[in-house]
Structure formats: structure tokens, C-alpha cells
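Next come the chains, spelled out residue by residue.
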Amino acid sequence: MTGSIPLQYFLIISTLMFFIGIYGFLTRKNLITMLMSIELILNSVNINFVAFNKYLYPQNLQGHFFTLIIIAIAAAEAAVAIAIIINIYRNFRSIDVDNVDELKF
Amino acid sequence: MVDYTYTLLIPLIPFVFFILIGITGHKMKPIVSGLIGTAGLGIAAILSYITAIRYFWTDHLAETGYKSIKAFEVTWLHLTDKLTINIGALIDPISVMMLIVITTVSLMVHIYSIGYMKGERGYHRFFAFLSLFSFSMLGLVLATNIFQMYIFWELVGVSSFLLIGFYYEKPSAVAASKKAFIVTRFADLGFLIGILILSFNTGTFDFQLLTSPTGPAITMPGGAAFMGMSLLTWSLIFIFMGGAGKSAMFPLHVWLPDAMEGPTPVSALIHAATMVVAGVYLVARLFPVYALGAPDALTVVAWVGGISSLFAAIIACTQTDIKRVLAYSTMSQIGYMMLALGVSGYGGENGLGFMASNFHLFTHAMFKALLFLGAGAIIHAVHSNDMKDMGGLRKYLPITHITFLIACITIAGIPPLAGFWSKDEIMVAAWHHNKILFSIEYLVAGLTAFYMFRLYFSIFWGKATHYHHTPHEAPYVMTIPLMVLAFGAVFAGFLPFHALVTSDGMPFESHLDYSIAIPSVLIALFGIGLATAMYLKSNGLPDKLAGIFGHTYKWAFHKFYMDEVYIFVTKKIIFRFISEPVAWFDRHIVDGFMNLIARTVQNASNLIKDLQSGRLQQYGYVFVTGALALVLIFVYLWN
Amino acid sequence: MNSEVMFYLLAGMILVFSVLTVTSRKILRAAVYLLFVLISTAAIYFMLEYTFLAAVQLTVYAGGIVVLIIFSVLLTSHISEKAIMADRKQSLLSALAVGAGALLTLLTILKFTFVPSALPAQTSTVTDVGNALISYERDGFALPFEVISILLLAALIGAIIVARKEKDNAIIK
Amino acid sequence: MNILSLFILIPLFTIIAILFTGNMKQTRIVSAVGMGIQLILAGILVYLYLAERNAGNTAAMLFYYDAVWFPTLNIHYTIGVDGISVAMIALTSIVVFAGIFASWMVDYLYREFFISLILLASGVFGFFISLDLFTMFLFYEVAVIPMYLLIGLWGSGPKEYSAMKLTLMLMAGSALLFVAILGIYFYSAPAGSHLTFNLLEIAKNHIPIEMQRFLFPFAFIGFGVLGALFPFHTWSPDGHASAPTAVSMLHAGVLMKLGGYGVFRVAIYLMPEAAHEQAWIFLILTGISVVYGAFGAVVQKDLKYINAYSSVSHCGLVLFAILMMNQTAMNGAVIQMISHGLMTALFFALSA
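Protein chains in written order, with this note's numbering: chain P, 1 to 105; chain B, 1001 to 1639; chain W, 2001 to 2173; chain R, 3001 to 3352.
To be clear, the hints were calculated from the coordinates, so they are not data collected in a lab.
Bear in mind the structure is a predicted one, so any value in this text is a computation, not a measurement.
Hints are not guaranteed to be accurate.
[Said to hold, decoys possible] Below, a list of computed lysine-lysine pairs in the DSS-like style, where the Cα atoms sit at most 30 Å apart:
id	chain 1	residue 1	chain 2	residue 2
1	W	Lys2082	P	Lys29
2	B	Lys1571	R	Lys3301
3	R	Lys3301	B	Lys1572
4	W	Lys2089	P	Lys29
5	B	Lys1609	P	Lys29
6	B	Lys1178	R	Lys3301
7	B	Lys1463	B	Lys1395
8	R	Lys3301	B	Lys1170
[Unchecked claim] Over 10 Å on every C-beta distance to chain B, these chain P residues come out as not near it, computed from the model:
id	residue
9	Leu7
10	Leu16
11	Val45
12	Tyr57
13	Pro58
14	Gln59
15	Phe66
16	Asn87
17	Asn91
18	Phe92
Heads up, the beta-carbon is just placed ideally off N, CA and C, and yes, glycines get one too.
Next up, chain P with everything else stripped away, as it sits in the complex (with noise of 0.2 Å):
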């Protein structure tokens, strides 16, 4: 079904929405909003592993399985760390992560 797209197709996605990820991740000062970003970065992640398992071992699901766990912890991250953020919310009445500075000294 690829046809003749080639492999670094799908790296420059991947390596596109990883960086747009990571920007999110930089500027959203909303919790959540972070959170999102870190799903799109593990989505980057997962076409990676999924386009290499394709393209250069198709003869075997390593790629395949890998992105199922990550997907798997995905699901526990979002869920401890949405904990978490409601838990912040409840302390600080806010999820602004600059309020959010115990972590220092």
C-alpha cells in the first residue's frame, strides 16, 4: 500500500511533529496543554518505529510491539500524570506551570 513513498517521508513527519512537540512543550504555560505536546511527541515516535520496522525488517514486529508498549505507557503517563495535574489544581488552584516552582533549591 506505500507504494513509492519513500522511508525519509515519514521521518520528516515524524521528526516535524517531535519538534513541534517539543515547542509546545516549551511555550504552553496550561499543564495539560503540555501534556498534549508529550502525546505528540510520543505519536512522532511511534511513526518512527512503525516506518522502520516497515521499511528495513519487515520480517519480523519489533518496530510493531514497541510502538504498542509505548502506546500502553502513553496511556499510564496521561493517567498518573492527569492525576497529578488535578491533584496541582486542588493545591494551587491553578495548573499554570510557572506557579508550579516547589521544584527548586
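Since chain P is already given, all that's left is putting chains B, W and R on it; use the hints.
Coordinates of chains B, W and R only, in the frame set by chain P:
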């Protein structure tokens, strides 16, 4: 050789009693602790007498000259094969004589104190300290080596400190004990340096080896080592510095008058008869080394003794505190002893000064202890130390009066009492050696008679002051020691010292030299006469005389401002110009430098702590750029 | 030809919606854009013939996570609330760093020549996936499967504990 | 069972026993009993040691015992004593025993206090019996760390400042020391053979002189900080003044001796040639310590400061004597350490 091992018990018994009274004393009745302490000293005294009798008479040692006998010796510290420190007991004429002096006076003081200290707080503490002091002093005189002597020397200093500061609630007593300790300790520094120089060069601490005329000390190479004097001379001068400190020689005497803050029996024991003569004993102990090895050092001893005796005698004429008068008199008399040692030669007739010095030490112990104890009885009756508060006491205190008079006559040097004989020998020795010193001593003899009788008349004659309650004679427990000592003061002069205590152990004959004895007696009588004229009845003469001498009188009254000089040197010079800068340097430079380092680190970390801002996105930014930089470096720039 | 058009379309959607996700000022809208990105990704998986994976992507990612996110958005902020964006300096710096990074990565990717494998592809039917997940032989993934299940369990418990309303606030001040 | 190991085990058992005590009284009694046993043990050790020596045993170290505990780096638990260590152990047990009584009235966090105190003591004992450089260093740190807690928690005055200063300076010393120990380790044996931390073996295989020149200052200053070597003594006055009585006693009485002992055992014993070459530098420093400490003490107003400065002076004397590197001076240093330990401890006990 005759066995003298039991002499070890003489110091040990007081020590055991010290521990016994010190630990269990507060549980027993006060009087019991006093009796126990006295009993201990009694045993020690009996043993000392036995030793003396055996050594001088029954063991027939005289034929070959009195040799020193090591009664006992063990190695205490085995530092290296060459360097060991021993502890033992050495028996020779002077140590036996000192045993007699110390145990006799100490026993008398113990008996006396039973009465004198009655009702004082810390009664048992007093007796414990007395025992400790007796132990230290006996250990000092029995020392077989100079290091043991040094150890006991310091112990004596400590027990003296404790006794002077016995009334530790009185600030003046505390100050006095501190002063005594610091001044003598400072002098002991010289002693220690002297010991180190001497033993380093001779390789031994042992007295027998050191004093042997063929020993390593005397045969030590001479020659100028420093400022034109040999090493041996320097070491002996340093050792003498220790002796001068303990014996209150000029200019290290400043502690002695203040030390009178202690209880009077303590003054009698420590500051009249025993500890203060330790310096004389020290020089006498090392006398062969001084005489044969370093006559220059001996000259120093003679002059220090002479100056001290004159200096103290002048001050004594102006003081009004009776104990202080006695203290300066002690200093003056010890000056005599030092001078006698200083003018002495070694061996036979030449050693007259040595013999005279020890003789005077012996007699002086008797009459000076008597004077102090008598003063104690007076203070006990009048509750004051000042002559101005006394007068006409002869009616109230008959026994004290008689014994005090005997002591005054003795110290003034009127024959046939003890003081005359010993002082006369000193005069003779000085005459043969140095005429200037001799004339100083003549002057001092007159002054001595004058100030002693000034004291005597002021206390016992003159108009009776109004007393708060009628003074009464002390109890027998206090007067009996007075009588015993008075007996000693009268008859001690007849002891054949020239046959017993001589510089080389060989007895010699000594004769009374009338051409010297008669003028000295006359001078003494003149002094007494002057005192009688001035003080028998109160008249204006003393004030007039004081007016004539003017500044001299004022200076003498203020003890020639020696204390002020010391205070100036220590506080104004050493403290201000060395210690305070050092302390400041330590707090501000050394410590400040450490604090500076700490502050620098702190500031640096304050600067970089913003990196740890807690802002997630900043971390992320740094992370991303860092990762990019690493990729750039390792993928593109590395090759 | 068909597939290429399809790919460009998907790629365009992914990029556009990604950018919108990170720039949209309305959080709920951003979440919806994210959903579109995730669905497009699933479509790419379909294109690559990993159908099971695509299904998982749709159910777990698009279905589960995005719903979770939307819920949390609703819990913590108003719908109409506009997200505060970073200040100009931060945005610019981030864009710079991100742009440089993207450039660097793209350069690297384009410089490298990948050699596509000619081997026959392993099928990835549900059966295959199921077998591989419980197989512990070569090409079996029993261990990662177990590990991930424990992780999920832990995350489950963790999420409950963290999000629980504290009765006593002694621990978390 | 080697008698020396008991010196570490008894404090540890005491600490465990303290954990089970219910009230202050029990804690005190357990500590006193534990350290009392330690004192008796020290007496037995002195007796056994003298008996062995009198019986003609001339081995360098008696009661030698050796066990590997970290084979990868050849770190051993090597213990043994000579006369100096025996003297130090006796001193330590006396001071610690007295220290327990001096802190009889501590009531704030009393259990923790006694545990820290005894832990400190066990570190000191371990230090004195160790013959393995690494183990020795380990015990050294065990002794230094409770010090921070003891001063920081139970001290008086500016205690946090003093505790921090003391700990930081001693830790800085330890850092230097660690460099020296590692350096010694890497040159402990001829190239190709097995490296060792064992003091006796290192002394047999000479460390190359160039390395000695480099390492000796590290070792000397590292221990010198603890021995109040000028100008690294400034932790001492503040530390002593702020510390609780028992800790001042232990610190001035015993811990400062660790410096002198360490200088002798490590710096001088292992690197004699460099010591001879560089002695003059440190003789000057220790000489300054002696005079400087004495003058500094004269004008202090606080009793504890006076004693702290005098300790600087006395410990300077100890280091000075050790640097003389002859038998007599060494004997003097040991006697000085003991006398200073006893008298300073007494002084601190009294001035509290």
C-alpha cells in the same frame, strides 16, 4: 651499705593521709580529720628523726665523710634506652636536714592548726591540703634526680596554690593564689629550660652523677656558648631562676607578700620554713656543679641573694601588716642563705658558706615558723592583721609574747640564740669572699633588728588599743607548738653543723671570729635600740623619720612599685602588643579567611542556583538545546 | 498514486493539526486538534498495513487518552478560558531552538541513505500479534507484555492514590 | 574472637541496647554500663599487651587479625595494636566513660544523644586499631560525622555555625586525606603486583620518593586539620565553645589526638623520606601553632575558648614532637597526647 629504704614512707604516709582525708574527710568530724593528719605527720617526723640519728651518729658514716645514699630507686618512665626518669629517695646530709626541718615545722603547724582552724568551713580540706603539701615537699627533698625534683617542685606549687587560695570566696585570696602560681610557674619555666640544657648535654638527670666532681656535668666542656658564658653556666642560671621564683628572690618575689592571704599556719609552713627555702635547697643540691663547674653562676646567686635581702629589709621597715613584715623578713633571710651559698667555695673550710647557708636555713625555719605562728595567735586574738590595731598585748597574751620575743631576738642575731650562730657564719663567709656583699649584710643585720623590734614593740607595747572584746591567750594546742619552736630557736644554734652538713661531706672545724661577730651584734643592738626609742612608747619620731627619708620611704612603702612594673609589663606590653593582636588576628584574619571562603562559595552558589529555578520549561529548554549541542558536536563537528 | 495522495493528505493533516494543537489558545480546541493528529497517525498505520496497531491507536490513544484529557480540561478550567501563551521572548527562543533542531535532524535524515529490505513482510494479523505477545521464544514478547501489564497496574493504583481527595492533609501540605 | 574487635562491637551492642531503652534513666545506665565494660576491656588490653611485650613478643603489631571485606579493591579489615594505639585506646575509654557521666543530665533527645556519642567513640576506637588505610579512613569519618549532630543539636551559642564550620573544615581535611590515601594505594606495591591498603606492607614496599613528595603534604595537612594545625585550627575554638560538655571532652581529649596519631601512622610512617625533606615547613607551622595558641589563649574571656586555644597550642606541640622523628620525641608526643587528653577533658568537664 646501710638500709634506708623505709625513708620512702616519710613522703608516702602524708600522701596516703591526703587521699584518706580528701576522700572521706567530709564524712568525719572535723577534729578527727585534723587529728589523723597530725598523726600522719607525727609518724613521718619520728621516721625522719630516726633517719637523722642513724645517718649522722649511729651508722658511723662520718669517718669517710657523709656520702649520699640512694635509699630506693625505680624507673618510672622508660622513655628510651638512654633517657629514663626515675623516682626514688636520696639520703645525704642536706636531705636529712631538710627532712627534720619539714617534718618538725609541719607537725607543729598541724598541731597548731587543730586549734587555729577550729570552726572554719573546709576544715578537713585544709588538713588534706597540708598533707598533700608535706608529701610534695618531702618528695622534693628526697628526689634522686633533677626531674623527680621538678615534678615535686610543681606539686609543691600546686599545693601552695591550693592553700593560699584556701579562702576561695575572698577575691583577694584567689588573686593571691593565682599570682603565686603564675609567678612561680614562670620561674619554673627557667628551671625546666635549665634542666633540659643540663641533661641534654650530660645525658643524665641523676644528682649523684651530676654532682660528682668527676661527673659529666662538671667535666662538661666549658667555653663561651652564649654571651660569654658556658652552656653549664647558662643552664645553672636558668635552674637558679626556678629556685629564685620559689624562694621569692628579687625580682620574682612579688607573689610572697600577697601569699599572706592564706591562713596563717600555711604562711608559717610554706612561706617561712619549707617551700620558700626550696630554692636554697635546689642550689645546695647542685652546689658542687655550681662551685666547680660554673663559678659565674654562683656569683649571680650571691648578688641576687644580697640584693634581695637588702631590698626586702628596707620594705619590711615600712609595712604595717604584720604578716607582710614577716614575709619580707623571710625574703630577706632567704637572701642571706642564697648569698651564703653564692660566696661559698667547695670542700672543707672553703665550704663554710654552704654550711652556713644550711645552718641558717635550719635555724630560720625554727624562728620564722615561730614568728608566723605567734602572729597567727595574735591575729586569732585581735582579728586583724594590721599593727595599727594592736598594742599593749603583752598583758593579754603572755605565752605568745615571750615566744615572740625569743624569736625576735633570735632573728636579730643576739647571742647565744640560734640566729646569731648561723648568721655569724654567713658573715664570715661573705667577708672572705666579697667585701661589698659583706657590708650589705651588715646593713641588713641592723635593719632586721630594727624592723623586728618595731614589729614587736608595736604589737606588745605602746598604748593598748580599744579592743572589741578582751584578747585572750590561744588554747594550749596552739601555744605548745610555739613553745616547742621557741625551744628550737634558742638551742638550734648549738648543733655542730660544720661537722654534719658540709659541701663535700667532710666535717671541718669552725671558730667564732670575734672581729666579725662583735660588730654585727653591736649593729643589731643599735637597731633594737632605735626601734625601742621609736616604738616603745608612741611618739612623733617615726613620722619625723619617715619625713626625712621622704621619697625613699614612699617608695619602700609601696614596695618599690614592683607590682606595678609587673602589671605594666604583662598587661600593657605583652597582653596589648602580643596577645591581643594575636587574638584579633585569629578572629579576623585566620577565621575571617575561612569565613571568606565560606561566603565566596555561598555567593557562587547563589549565582548559579537560578539554574535550579523549578521552572519546568526552563529545564526543558536547557535540555533541548543541550541535546542539540551534543548532537551537533558528536555528529558533525567531532570528525 | 492513490496512496501517495493519501499520504500527502495525511501528512498535511498531521502537521497542520500538530501546529494548531500547540498554538491554539483554547484548550478544548487544542485537545480536539490532538485527536485529529492521532486519527491521522492511525491512518498512517493502516497505510503501513499494521491494522491491529491502528486499531489500538484509535481506541487507546484517540479514544482513551484524548477523552481523559478533555475531562481534565473540563475539570480544571472553563471552556471559554483562553490559555495564556508564553511571552514573546520565550516563544522566539523556543522556536529558534526547535527550528535548529528540526533542521539538524532533517539534514541528518536526508543525508543518510536507507536501504529498504527486500525480505517478505511478516504479517501482523491479530492472531500473529496475540501469538507473539504470549510467546517466549525468539520474536516472542511475553516478558515486555508482563512488564507493561505491571506498569499499567502500578499506574492505575498510582493515579487513584494521587487523585484521591485527602481526608487529612497531613501528608501533602 | 580477637580482643580488638570487641572495641568496635561493644559500642555497637550498646547502641542497639539503647534503642530498646524506655526512659532516660535506662538510657544512661545502659550507656554507662557499656562504656564501663569498654573501660575494663581497655584495662585488660593494656595488661595483655604488657604481658605479651614482657614475654618477649617483639612483633610490630600485636593481636593482629586480618580479613578481606572488599576483595575487588583489596580492602581488608586489618587490626592490630602497638604501644601507641594501646595508650590511645586506654585514654579514649577513660574519656568516653567520663563523658557519659558528664552528659548525665542531657534530657533533650537523650537516646539519640547517647547513640551519637557512642557511635563517635566506636569510630575513634576503630581508627586506633585499624591497620588498613581504607578501614582507618572509614572509621575516621564515622567519628567525624556524629560530631556535627552532637554540636548542632545539643550545643549552645552559635551552634549551627560552629557545627557547620567544624564539619566543613574536617571534611575538607578528609578530602585531602582521601587524595593521599588513594595516592598511597596506587603506589603501595611495585608495578604489576597486587595493590594494598595494609599499612605494614606499604611501609615495606617503599613509595617512590617523587610520589612521597607529592602525597606527604596531603596526608599531613589532612590529619593536621584535626590536630589543629595552624592555620587550619579555627574550627577548634568555636567548635569547642559550642559543643556540649561531653563532646568537648571527647573532641579535645580524643578526637584531636586522631590528628597526631594519623600523622604519625600514615604520613610519617609511610613516607619517611618526604617527611625528612619537608619537615621544616611543618615544623614552622606547628611552631607557630604552639606559640600562637598560647598567646591567643591569654586574652580570651570565655573559659572554653581559653581551653580551646591551649589545645591548639598543645596539639601543636604533639605534632611538633612527631615531626622530630626520633624515639624520645615520639615518647614525649604520646605522653603529651595522654596528658593533654586527660587534662583537657577534665577542664572541659569542669568548665561546663
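Violated hints - listed by number, lowest first: none
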